[in-house]
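One line per chain: the protein sequences are A and B, in this order.
Take any residue in the first sequence, note its place counting from 1, add 1120, and you have its number in the numbering used here.
Take any residue in the second sequence, note its place counting from 1, add 15, and you have its number in the numbering used here.
In short, the hints are calculated from the structure, not lab data.
This structure is a prediction, so every number in the text was calculated from the model and none was measured.
Misleading hints may appear alongside valid ones.
Claimed, not checked - In silico lysine-lysine, DSBU-like type, Cα no more than 30 angstroms apart, as pairs: (1) B:94 to B:74; (2) B:57 to B:74; (3) A:1131 to B:74; (4) A:1191 to A:1131; (5) B:72 to B:94; (6) B:57 to B:94; (7) B:57 to A:1177; (8) B:72 to B:84; (9) B:94 to B:78; (10) B:84 to A:1177; (11) B:57 to A:1134; (12) A:1177 to B:83; (13) A:1191 to B:78; (14) A:1191 to A:1177; (15) B:94 to B:84; (16) B:83 to B:72; (17) B:72 to B:57; (18) A:1177 to A:1134.
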Amino acid sequence: DTGVSQDPRHKITKRGQNVTFRCDPISEHNRLYWYRQTLGQGPEFLTYFQNEAQLEKSRLLSDRFSAERPKGSFSTLEIQRTEQGDSAMYLCASSPGPLGSGANVLTFGAGSRLTVL
Amino acid sequence: EDQVTQSPEALRLQEGESSSLNCSYTVSGLRGLFWYRQDPGKGPEFLFTLYSAGEEKEKERLKATLTKKESFLHITAPKPEDSATYLCAVQAEETSGSRLTFGEGTQLTVNP
Chain A
1121 DTGVSQDPRH KITKRGQNVT FRCDPISEHN RLYWYRQTLG QGPEFLTYFQ
1171 NEAQLEKSRL LSDRFSAERP KGSFSTLEIQ RTEQGDSAMY LCASSPGPLG
1221 SGANVLTFGA GSRLTVL
Chain B
16 EDQVTQSPEA LRLQEGESSS LNCSYTVSGL RGLFWYRQDP GKGPEFLFTL
66 YSAGEEKEKE RLKATLTKKE SFLHITAPKP EDSATYLCAV QAEETSGSRL
116 TFGEGTQLTV NP
């Protein structure tokens, strides 16, 4: 198991462009989370999936943000019409289901760093 | 609303100089308190989970403790490789899934 994988690791884009990030969780984990982290701050929760169902979204997730997890495997986070304020590290994490070993522990990926010019 | 406050924001130690990091939290009902380590440009790495007041956990030079209002991460005789940002997070009982609320972190630098 290679852990949680995120792609791309770095993305530089111009304001107004759309970007998409991909996350591959640990294979046996059925919960998947997206967080955003800006410099000097702790990660902030964006959204969470149980299998393919998106069960919770933060108010930080504006209409320009959309996340999917088709078939309950990998997930994508798309940001439309990017703004300079979207520049951040986007972190993906996964955890086992409620009955799994270490059920409450989130394992994070290395993150995707977005820079909006 | 769940809140986590970490202090100090930054800490510089000499190798071998022991110290403690503080995490104060407010949560309606605590399911768990988590400590993570984060190196520059990387995702957070899990260290400990504490579930109830009085609980302690140790790993190498690190020891985490929990009370009803705060947690401490004690670092004994630190080495330069312990330099990182240490993040504290809480998981509330009413939270769906295993969502964490993080503090802003303490940036630790250990000089040789």
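Hint-by-hint comparison with the structure:
At most 30 angstroms may separate the alpha-carbon atoms for a hinted pair to count; residue 94 (chain B) and residue 74 (chain B) meet this at roughly 14 angstroms. Between residue 57 (chain B) and residue 74 (chain B), the direct Cα distance comes to roughly 21 angstroms. Compliance with the 30 angstroms bound is thereby established for this hinted pair. Only pairs whose Cα atoms come within 30 angstroms are accepted, and residue 1131 (chain A) paired with residue 74 (chain B) is rejected, the gap being roughly 36 angstroms. For the hint pairing residue 1191 (chain A) with residue 1131 (chain A), the CA-to-CA distance comes to about 26 angstroms; that is within 30 angstroms, so the pair holds.
The suggested pairing of residue 72 (chain B) with residue 94 (chain B) holds, with an alpha-carbon distance near 19 angstroms, which does not exceed 30 angstroms. Restraint check for residue 57 (chain B) and residue 94 (chain B): satisfied, since their Cα atoms lie roughly 20 angstroms apart, inside the 30 angstroms limit. A threshold of 30 angstroms between alpha carbons decides the hint, and for residue 57 (chain B) with residue 1177 (chain A) the separation of about 24 angstroms falls inside it, so the pair holds. Between residue 72 (chain B) and residue 84 (chain B) the alpha-carbon distance is near 17 angstroms, which keeps this suggested pair within the 30 angstroms criterion.
In summary, the hint linking residue 94 (chain B) to residue 78 (chain B) is supported, as the alpha carbons are separated by about 15 angstroms, within the 30 angstroms threshold. Simply put, residue 84 (chain B) and residue 1177 (chain A) have alpha-carbon atoms about 28 angstroms apart, close enough for the 30 angstroms limit, and the pair holds. For the proposed pair residue 57 (chain B) and residue 1134 (chain A), the alpha carbon gap of about 24 angstroms is at most 30 angstroms, so the pair holds. For the given pair, residue 1177 (chain A) sits about 29 angstroms from residue 83 (chain B) by alpha-carbon distance, which is consistent with the 30 angstroms threshold.
Distance restraint check for residue 1191 (chain A) and residue 78 (chain B): the Cα-Cα separation of roughly 40 angstroms exceeds the 30 angstroms cut-off, and the hinted pair is therefore not satisfied. Our distance criterion of 30 angstroms between C-alpha atoms is met by residue 1191 (chain A) and residue 1177 (chain A), whose separation comes to about 19 angstroms. Annotation: proposed proximity of residue 94 (chain B) to residue 84 (chain B) holds, straight-line Cα distance about 29 angstroms (limit 30 angstroms). Annotation: proposed proximity of residue 83 (chain B) to residue 72 (chain B) holds, straight-line Cα distance about 16 angstroms (limit 30 angstroms).
Of the supplied pair hints, the one linking residue 72 (chain B) and residue 57 (chain B) holds, its CA atoms being roughly 24 angstroms apart against a limit of 30 angstroms. A hinted pair counts as satisfied when its Cα atoms are at most 30 angstroms apart, and residue 1177 (chain A) with residue 1134 (chain A) qualifies at roughly 26 angstroms.
Taken one by one, the earlier hints fail for this structure at numbers 3, 13, listed in ascending order.
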